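Engineer: Reassemble the complex: the two chains are provided individually, in unrelated frames, and hints are given to aid placement.
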Amino acid sequence: MTTRREFLKISAAVGGGLAVGFEFSEAGAAQAAELTPWVVVRPDDTVIIRYARAEMGQGSMTSTAQLVAEELECDWSRVKVEYADTNDQVRRKRPWGDMAAVGSRTIRNSQEYLRQAGATAREMLVAAAAQQWKASPGDCRAERGVVHGPGGKKLSYGKLADAAAKMQAPKDVKLKDAKDWKIAGKPIKRVDIPATVMGRQFYGIDAQLPGMVYAAIAQCPVFGGKVKSVDESKIKGRRGIIKVVQMDDYVAVVADNWWRAKEALKALPIEWDGGKNGEVSSESIRQFLKAGLDAQQDVVTARSDGNVEQGLSGAAKVVEAEYFTPYLAHSTLEPMGCTALIKDGKVEIWTSTQNAEASHATAAAVAGVPLENVRTHRTQLGGGFGRRGGSQDFVRQGVAIAKQLPDGTPVKLLWTREEDTQHDFYRPVSLIRMKAGLDASGMPVAWYSRVSAPSIIATLLKLPLKEGVDPQAVAAYADQPYEIPNVRIEYAQRNPHVPVGFWRTVGHSQNPFMRESFVDELAHAAGKDPLEYRRAMLKEASKERAILEATVKAAGWGTALPAGVHRGVAVTEGYGSYTAAVAELSVNDKNVVTIHRLVLGIDPGYAVNPDNIEAQMQGSAVFMLTAMFWGEITLKDGRVQQSNFNDYRMMRLREMPKVEVVLAPTGGFWGGIGEPGQASIAPSICNAIFAATGKRVRSLPLKNEGFELA
Amino acid sequence: MERRRFLEAAGGALAASLAPRPLLAQAPPAFAQSADSQALVKRATRGKEARVGKVKLDLPLLADNGNSVPMKVAVESPMTAADHVKTIRLLSERNPEWEMAAFHLGPYSGRAEITSRVRLAGSQRVVALAEMSDGSYWMGTADVTVTLSACVDGTG
Chain A
1 MTTRREFLKI
11 SAAVGGGLAV
21 GFEFSEAGAA
31 QAAELTPWVV
41 VRPDDTVIIR
51 YARAEMGQGS
61 MTSTAQLVAE
71 ELECDWSRVK
81 VEYADTNDQV
91 RRKRPWGDMA
101 AVGSRTIRNS
111 QEYLRQAGAT
121 AREMLVAAAA
131 QQWKASPGDC
141 RAERGVVHGP
151 GGKKLSYGKL
161 ADAAAKMQAP
171 KDVKLKDAKD
181 WKIAGKPIKR
191 VDIPATVMGR
201 QFYGIDAQLP
211 GMVYAAIAQC
221 PVFGGKVKSV
231 DESKIKGRRG
241 IIKVVQMDDY
251 VAVVADNWWR
261 AKEALKALPI
271 EWDGGKNGEV
281 SSESIRQFLK
291 AGLDAQQDVV
301 TARSDGNVEQ
311 GLSGAAKVVE
321 AEYFTPYLAH
331 STLEPMGCTA
341 LIKDGKVEIW
351 TSTQNAEASH
361 ATAAAVAGVP
371 LENVRTHRTQ
381 LGGGFGRRGG
391 SQDFVRQGVA
401 IAKQLPDGTP
411 VKLLWTREED
421 TQHDFYRPVS
431 LIRMKAGLDA
441 SGMPVAWYSR
451 VSAPSIIATL
461 LKLPLKEGVD
471 PQAVAAYADQ
481 PYEIPNVRIE
491 YAQRNPHVPV
501 GFWRTVGHSQ
511 NPFMRESFVD
521 ELAHAAGKDP
531 LEYRRAMLKE
541 ASKERAILEA
551 TVKAAGWGTA
561 LPAGVHRGVA
571 VTEGYGSYTA
581 AVAELSVNDK
591 NVVTIHRLVL
601 GIDPGYAVNP
611 DNIEAQMQGS
621 AVFMLTAMFW
631 GEITLKDGRV
641 QQSNFNDYRM
651 MRLREMPKVE
661 VVLAPTGGFW
671 GGIGEPGQAS
681 IAPSICNAIF
691 AATGKRVRSL
701 PLKNEGFELA
Chain B
1 MERRRFLEAA
11 GGALAASLAP
21 RPLLAQAPPA
31 FAQSADSQAL
41 VKRATRGKEA
51 RVGKVKLDLP
61 LLADNGNSVP
71 MKVAVESPMT
81 AADHVKTIRL
91 LSERNPEWEM
101 AAFHLGPYSG
111 RAEITSRVRL
121 AGSQRVVALA
131 EMSDGSYWMG
141 TADVTVTLSA
151 CVDGTG
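Residue numbers (my numbering), protein chains in the order written: chain A, 1 to 710; chain B, 1 to 156.
In isolation and in its complexed conformation, chain B is listed as follows (with noise of 0.2 Å):
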């Protein structure tokens, strides 16, 4: 796994988008519509479908803030030679680098789950995107509400 990557992708203060969020009609929004996300899953799958399913994204409703936000991502795999979970990447509408984490999995890793901690810049949806070794991909979200406050116009 790309752990260096990794720490410099959740640490690393380059330019974030602090432009405004749509406002969306409807229920209160707090996130992007999905298309955003779905962009990102496209980028990373370089087109190919992603499939809602199998993989389990766990992260907190609300975080206090977004520096260390404690994370779970499982997918549903025997995790055989035949059959196995090749990458998982976590992907973020929000932060800096938009895909924040990539683990390289194989039959040896027993399980495809892994727990972790990352840093969000705001409230936004975030995708586990999960490669099987058949080529498929499939694909949990999460959407996390991070409740920093600001008196600022347009941050929210």
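So that you can see chain A by itself, here it is in the shape it has in the complex (with noise of 0.2 Å):
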């Protein structure tokens, strides 16, 4: 990785009026030998390898790194890790393809890659052996960064680069089987964590080039609405103040600081047309979702089995229930912000991003140039969760207002806390009615889900959906993988005004809560023990069944608690992952709940790095308790209420509860790891709030309901 201090020689030159010609590429010392687009091999041995995607803590930068090194058979210690160049991405045509850490991907759409890229270059390396010892390449082997010849010949992977650069890469490579694995699978140091702890790590926000002025931005508070009028007058005179720029939706003050920028933006009147979105509330959007669920029309169905119909008429018992969950914000610890410099043609751009190549391609359109003009260069982001990929807002904004200013100016656009809070694209909104029908030994035989929540795919990504429903609306209850008859599940497809995205773990972020709470109800309503309940609905050789065993097995299932301690159960599937969660806690009688264990589940199929998966797990207890007891943006005049951490809490050290992580992999597939991690944790929680008071929570966040975090 470049380091802090590379970093701000290579700014400092750039911005020094160095020709902007991209004729260097970061991992391309002149003696290195690229051997493939993601392995150069250095003379003294270091072996690089590229990582095209985005860190952000989900420490994909590591665990990619360790499924290239395990197939190229290479010394780990000697493996530095590079950003993929998004320049070259483009002048090479995309040798490193998608470039996206989103959807818990990074690992299951690139592992095949990645392992041929490594084998590829190993095979490469013993050939030049071979070659020069006139041996049989199946005579040598590589080990450890060595290729080893006959006789106890031997060649350091340094010595062999070049010649090995020059060699055929091979059609067909065969990939090790994980029970092989060396590299891969063990729990390896994250490449990442020395700069961050000893604050050499640098972010998007931690652009600095010389001549660089600040821009501060305020945008319509009501979204969708416009600016009106700007009073500059008002401002004139103030010290180092350089332009104001106007455009549809937002202004920003330009400044020879930050703070100088952000006080002027304050001081400047703005005068917004919010027009009728400025009437909408978190109370008419409520109404407009109910709607959704009465509604005739504008309803799609998603699965249909058998007839719910039929099923709820015959049924013993029929147990019906809304639930609600809010919106979210993504409250990244580094707000939005992008730093561009346009000069001759030619655009660079600094930014956290977790999709350089969508930064890449807006920062191109946005300056009206080619492709190959642009550079996006490569940060740790302070904080993704889905905020940073989907929307290309921030670069959007940079790259239009380092176009108002004169060439060769460098601009930092930095977003505050408030505009953070208050222009995120939330997690959508959320209302459904759920109906069960239980024959007379209390088993369900008729399921049926109406979902009223706006389309993440439908308005921010404007892609047609297949059959009207968006997947992500209904998943886990579209895929839901319990043993019922009859099911039916309908979506009504409702967008409110307030921007929607991709919030870490999307549909199942809230689905989840949702159904194994009703799953919980069903199991009361027939008398009956949650867990066993799931057991009878759950097939015997399904991956549900298999982690939900092995999480409920670890967590002491049916074993005495202290008076007082109640347990709760979910198990989940999503984004090729199967979870399940146990929580364990108390509620006193002020409603204030004490969690004395959190025992999560995950089966990914493969484990490349089984500590970050504990740390993603840990991590995404952290994420969802925020959210499930203190998240919710909400709405009044058509605005977001909410606008910092005192009004849009996070969770405290002193509140996080133990997490138990059951890693049990069962291969034969790759699942993500990111986000399904979160999906069990919420129902769990509140089923185990269940048992310990009698109260059902249909609705989140807790603290609405009444209850505390100890």
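The set of hints was computed from the structure by calculation and includes no laboratory data. Mixed in with the good hints, there may be bad ones.
[Stated by the list, open to error] Think about it this way: if two alpha-carbon atoms lie no more than 25 Å apart in a straight line, the pair counts; the simulated DSS-like pairs of lysine-lysine are:
(1) A/Lys153 - A/Lys182
(2) B/Lys54 - A/Lys462
(3) A/Lys346 - B/Lys72
(4) B/Lys54 - A/Lys93
(5) A/Lys93 - B/Lys56
Keep in mind the model is a prediction, meaning the values are calculated, not measured.
Structural biologist: Written out as structure tokens, the structure is:
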């Protein structure tokens, strides 16, 4: 990785007027030999493994490199991981493929070509050694960065690299079985952590260029509204002010430092036109969704098995409930921002992005230059959670503001926390009606769900929906694993004016809460143990059943608990993985919830870095507990009411419960890690709260239901 | 030209396939195998062979969104009464309407060249298929990555 000092040097050189020719590659020290786009070997035996996607703390920068190194048979202590360059990516016609770190997809979508790249480079090194020794490649083998040949001959990768780069890449390579892994599958230390803990990490926000100016931004507080007028005279003569940029839906003040820009913006009278959206409130949105639950029109069927009406009418008992989950903000620690430099028809940007290619394409489109004339500098992200992938609004703004300044002026756009909280692409609000019919033995014979919620895919991505169904809105219902003969899942797409986006775990951040809580309601109505009830509905051989069993075993389900302590359980599937959770908690007479233990199980198929998986599961607990106890974005007069951490609260260190991770990979498939861990947490806790208090939680956050976290 | 049809095709939000794309081995996959677009071509030519060449389709390697992607297609042809391009069709692997547009030309067109913007429902290979006055078909293709990124299962 580029160190902070190198970064500053590069930045200084660029900003200092050096031709921005993109002639150097960040990995391309003069003598390094590129064996494949992913593997570069230096004469000193350093192996550079390139990383195409983003690193935001999810650890994929390390685990993808482990997969390459495993097949490469290199010495891990000589590995350096560097970002693939976006300018090379477009000039070389995308040798690194997808650069997006989204959808818990990095490992599962790229594992095959990454392992092949490592194996390909290894074969080329072996072939080069064999050629030199006039031996058969079959008599040579690679081990820990050295090729060994007949008669004890050996050559290190660094000595072979130049010759290897000239070898023909093999057409087919055989990949190792996971049971033979030596580097992959091991809890290797993350390559990004030392820089982070030593304060040497650099994030998009850290970009510093000579002559740089700063932009503060105010966007129309009502989504979809416009700037009506700006009275620049009120800030005339203020120190350091360079320019007021007025755009369609935002105003930016550019100054010689950010504080001056921000203070001037505060003093600048801006009149907004919010239009009809200015009348929208959380209450009106709730009514809108409620109407969607009862509507006869604009409703589509996402899944239909058997005959739900018959199933319900013939049932011994019918259970019905409505569940609600609110809008949520991403609240990345680093607010949105982008540093942009336009000079001589070339554009450079520095930004924390989950998809460097999307940032790159956006910068090119806004600046009106060819893709080849752009470089998107790669940095660590100060949190992503889906905010920095699907929408590149911050890049669009950063480059648009740079365009308004004299050629060659670098500008750093930085949002305030308040702008960040109030101009997010929120986790959608959702209202769901559930109905189930139980037979005489208490088992469900019919299940009906109607989801009334916005569609991210239709509104943010503007993609057509297959038969009108947004798969995220009905996730965990349409693909629910329970054996029920009559099932109907309906979707009423209802889009308020609030922009929605991909928030970590997306549909699985809310639907499993509702599904698994409702399953608990059914078990209670049937007078059965919630675990036994699930067991009865899950196929013995299913992955859900396997992770459920592994998790309850670790949690000791059924064993005696201290007085006042209760358990809740949930199981979910998503992002190619299977998860289950058992919560142990007590609730006092003031409704203060003490979580004694949270046992989280996951089956991701293969575990590339077990330590990192454990960390992701623990992080999932932080994220979900924060959301379920306090998280809600509310609206009044079309505007978001929350603004900063004082009214959009994060969980504190002392509130974090003990989390035990059950990693139970069963092999044969590749599942995601970053998101699925959250899915089972909320229902396991709410089910335990019911066990403790008899109160069924059907709406989040818990603070609105009267519960506090100890 | 069926401009109306073109606009309908481009704007129509009918059933598009968001089905999982096949994961390919080897180099990072972004596009379906050409078999997909070959099938489209077969459908468009009603089984006749289309040769690769003469048609140059320009689309950007990356598009920041699929709603308005600049497109240029040019076909080598003298455009005389005896030898000209009759139609140019744009075929999509992934849009709700697989035939995105059909442009009808004749010797009076002067040049067989069209510049427009197209709407693309995600990353895909686009085919420009030209039918010549002698009944032969020629084609050119372009791969476009729409950089929308979504935390979604199976829409990648």
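Engineer: Each of the hints needs a verdict: does it hold here or not?
Structural biologist: Each hint tested on the structure:
no.: 1; hint: A/Lys153 - A/Lys182; result: holds (24 Å)
no.: 2; hint: B/Lys54 - A/Lys462; result: violated (34 Å)
no.: 3; hint: A/Lys346 - B/Lys72; result: holds (23 Å)
no.: 4; hint: B/Lys54 - A/Lys93; result: holds (22 Å)
no.: 5; hint: A/Lys93 - B/Lys56; result: holds (17 Å)
When held up to the earlier numbered hints, the structure conflicts with hint 2 and nothing else.
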